[in-house]
Amino acid sequence: MTRISARYLGKRIVVSYITLLVIMTLLFALLRSMPGTFISSMITPEMQPEQIQRMREVWGLNEPLWKQYVNFMVNYQTGEFGMSPTNRVPVWDIMIRRLPRTLILFGAAFIVAYIVGPLVGMYLGWLRGSRKDKSIFASSLVMYSMPAFWLAWLFIWLFNYELGWLESTYMYHQFPQFEWTVVSTITNVLHHITLPLISLAFVNWVGVMLVMRPSMNNVTEEDYVFLAQAKGLSERTVMIKHAARNALIPVATQAIVGLAFLIDGSIIIEQVFSWPGIGQLIVNAVISKDYPVAQASFFILAVLVVVMRLLTDVVYTYLDPRIKFGEG
Amino acid sequence: MSTQSESGFELDTLRERWGPRIERFKRGWDRYTTHKMGVAGLAILVLFTLWALFPDVFAPHTPEWKAYIGYENTRMSPEEVNSLPHPPAFGDPFFAPLGTNASGQGIYSMLVYAAGSALYIGLAAGLLSSLVGVPLGLISGFYGDTWIDETIQRIVDVMYGLPFLPFLIVLVAIRGVNTTNIILGIAVTSWLNNCILIRGETLSLKERAYIESAQVAGASDTRIVFRHILPNVLPLAFVFLAQDAAAAILAQASLAYLGLADFTANSWGLMIQNVQAHNYIYNAPWWLIPPGLAITAIAAAFYFIGFSMEDVTNPQKE
Amino acid sequence: MSLLEVNDLSIQYEVDDDEVHAVDGVDFSIDRGETYGFVGESGCGKTTLGKSLVHLLDSNGFIADGEIWFDGTLPQWENDRGEPRRDVIENDQYPVREDGKTDLAQLDNEQIRDVRWRNIALIPQSAMNALNPVYKVGDQIVEAIRRHEPNTSVEEADTRARDLLERVGIDPDRADDYAHQFSGGMKQRAVIAMAMACNPDILIADEPTTALDVIIQDRILDELDELQEEFNVSILVISHDISVMAEICDQLAVMYGGKIMESGPKAEVFQESANPYTLGLKNSFPTVKQEQSELVSIPGSPPTLLDPDPGCRFVDRCPFAVDECESSHPPMYDVADAEGGRRVEGDDEKSHRSACYRVDDLETMRTEASKEETWQAITQNH
Ligand SMILES: Nc1ncnc2c1ncn2[C@@H]1O[C@H](COP(=O)(O)OP(=O)(O)O)[C@@H](O)[C@H]1O
Ligand code: SF4
Ligand SMILES: [Mg+2]
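Protein chains in written order, with the working numbering: chain A, 1 to 328; chain B, 1001 to 1318; chain C, 2001 to 2382.
Simulated from the structure, these hints should not be mistaken for laboratory data. Careful: at least some of the hints might be erroneous.
[Said to hold, decoys possible] One side only, chain C facing chain A, incomplete, derived with CB under 7 Å:
1. 2113
2. 2122
3. 2124
4. 2147
5. 2180
6. 2315
[Stated by the list, open to error] Partial list, computed: chain C residues near chain A (C-beta under 7 Å):
7. 2126
8. 2132
9. 2134
10. 2174
11. 2178
As the structure is a computational prediction, the values presented were derived from the model and not from experiment. Backbone N, C-alpha and C define an ideal beta-carbon position, used for all residues, glycine too.
Use the sequences and the hints to build the structure in full.
As structure tokens, this is what we get:
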């Protein structure tokens, strides 16, 4: 890594950190602006006023607002997420348990979407305007238009209910006599992850394709692609090595948009498949008014978005030598 | 400028001003119609608009109608209740071409009556995010590389870090689940893309406009914005409006699925959610499939229109 | 024997059910080691002509008619000595004729790829953007070498690449740099080095000096000259700038509206121009040798070439047009005969020829053409 890309990445890291601080501030404002207080959901009619007063004390609600804000910001950055009033365990423990599961599903879908999307986008951009391009493009848009949960149900109905091939709830099943060898564990999880993964990726690869296709199309007009043709290289080499390689650069930067969609999608899909991750958690927490958990889940997802963006920046500097070695 | 002002002169300038624009619109329309996808999208949109405007023409009943009892205020017999949700029935009093849901309402009728809310959410959210994103993008692009641009771009940058659906969930949960809040929540994040893309377009248009008008002395900033940039950016704004509308309709459906729908307003998303709430996902395809297809169709229609328009407005393509 | 022999070549572009006749019935031939120039205003079909030789036209363009006989053939049709095999020549299936020449116009998409770069290297109009930004410059040369000489090892190809760069005046270590680290002139020279990588028979250079400043222009032209000496490569130069041609060409063809208007040895075409278009073109460019006080450009612009009218292509802008010019486009007349006042069609592609009905009246044409009023008169007529 060169000095220039290190400086570029350093700047991106600072921006990411500030982004997180702003998002947390927004979150704080959002939660304090709700009707009643933070703990209204925990208050039952039979509680004594002293009890309520003590609760306010415990949750720090008697402090002035600015102090609450400072505490919140400091605590969150040190992993102090507080206690969950519904589960009566530290929120941190819940997050640590749930995060890897979300990462597995999200990561797998991310990889699938970022392999299929650029590939299809490459072909369509190369053949832009042809009949094949038009029909495949229109079909992809139809896929992109399907409500994810509805599609997931159709998949469940077919592959689980009708055919019985795949599981539709939870991440693995655990019957008493199950032997946890490496192979059996993997097949066990595969049985459970396949349907949510397909449901998630089926819609989301299109978002990546939508960036790759016009990018590819622009690149095909470039003189270096013409020169590659003039060199007598095969069409395949020209398309992949010379055109697609360059078309990928904007895909890396614009991937954030698709990324946001993928996170949204995984929240829905976790819910449909009872996948025990953060996405399912945040929905349940909001519905059951468990605000410490909702707030922490929100925070974790925001960190996920920011970290993924940082990763795309790294990929970007890797893809584009003009950044790696500086314009000159 | 000449000081003459005969009435014929004004008409002439009017024609002179609008003639090329009408001409350009006609040419654009001709190019648009060469996209089968765009024409199909427009056809679907027209159909749903008709549903929304004249639901009674298309639907056999209103959503208040119930199987067996119609609009009467009586009760169904236990056998009748047991037969619900009922598959498609074409009998004379009991006419439900797409069957009924668990409370006996006709699926097809509900579908037709919910078209309005889908269009409303899509267009309102799309329009709102254009109203925010386009001016900000224009300003940002026009003042490119100044502190104004820098500030707007930083805001956009930060907003991109916001996880969209979680934000929407929290917002709606706190501010109340109603259509207005849902639309506002969707628009809060969907203007970002408009802003960035309009900014890029403005930057390059501005450069061109300054080069062109270098010969025409005395071109002011406002003139450049209104004569050179805005007319070229507006078609693009419509493209994003269509795409945002599609995304908004899908976002509303997702919220409905999560139980965050306005239960007083009938919507396709809510219809699907009800299938699950009554536990009929596997047993009542006539109930599950049509609303999903309707959402797919209207979102696809907006995407079709948006991407076809993009092709038309992009001069260097083809 | 000529290296390339082009007969009656016509190229068209399809545009909404109409055809653009970008190149229309062009004949010329190039010898080994010769520099052949095509000159003309922009939009006259020069680039189209150059690209069509190796089927690099835009997707809506196609060879409508004509032959492109090239002295050489595909690797798979060669024998050990690099000549076309007997059975290939005798078999009518193959577009190879008795003298060993192959008709490039008849090759399919896959076959022509073997001719590109190995036999005919084409440097596109904006060569400065022709280097791929994501690969090292040296690697892009290596790629070309290994495409056509698969038996060459990477190390060997790399050594050759560095050697080529050095020959065009670039430090061989810069092979490890990316295009954005090069200056405009260096990029241009790197592409020229790349073009020589497979030792081609013909180098097509499309506007090699446009967009470069004058000093670098000269260096590029010198570079081309030196390479020609060294590799004995034929060069086909395309330029709208007639003074560039004056410097480097042996033979010159003046193109207008998809047709060759005048062609022949450079000195003759240049000094004894026998076509109104050539005369007009010369007026509009500052030449290196003769100091011209004022530049007079030809009023108007080249035709669109969309279903052109039957008459002379230049008739709308020509100050010497007569009724005959409206009937059909003139054939190529022999200029030597014309000097004697006779109008005879010339068959020899190498000799000085001009497509103009009024070649028999050269004196008037030359004197009138040097006057500014002559050209201004056209604007009033039309
Ligand atoms: N892809 C294309 N489709 C249609 N017309 C084209 C295309 N490319 C070039 N032309 C037209 O063909 C003519 C010759 O163009 P070109 O070969 O680029 O000329 P030159 O190189 O002499 O400037 C011009 O009239 C141009 O407009
Ligand atoms: S043939 Fe006629 S129109 Fe054409 S160049 Fe000669 S004089 Fe001019
Ligand atoms: Mg050209």
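Each hint tested on the structure:
| no. | hint | verdict |
| --- | --- | --- |
| 1 | 2113 | 4 Å, holds |
| 2 | 2122 | 5 Å, holds |
| 3 | 2124 | 5 Å, holds |
| 4 | 2147 | 6 Å, holds |
| 5 | 2180 | 5 Å, holds |
| 6 | 2315 | 35 Å, violated |
| 7 | 2126 | 5 Å, holds |
| 8 | 2132 | 4 Å, holds |
| 9 | 2134 | 6 Å, holds |
| 10 | 2174 | 12 Å, violated |
| 11 | 2178 | 5 Å, holds |
Hint compliance for this structure: hints 6, 10 are broken, all remaining hints hold.
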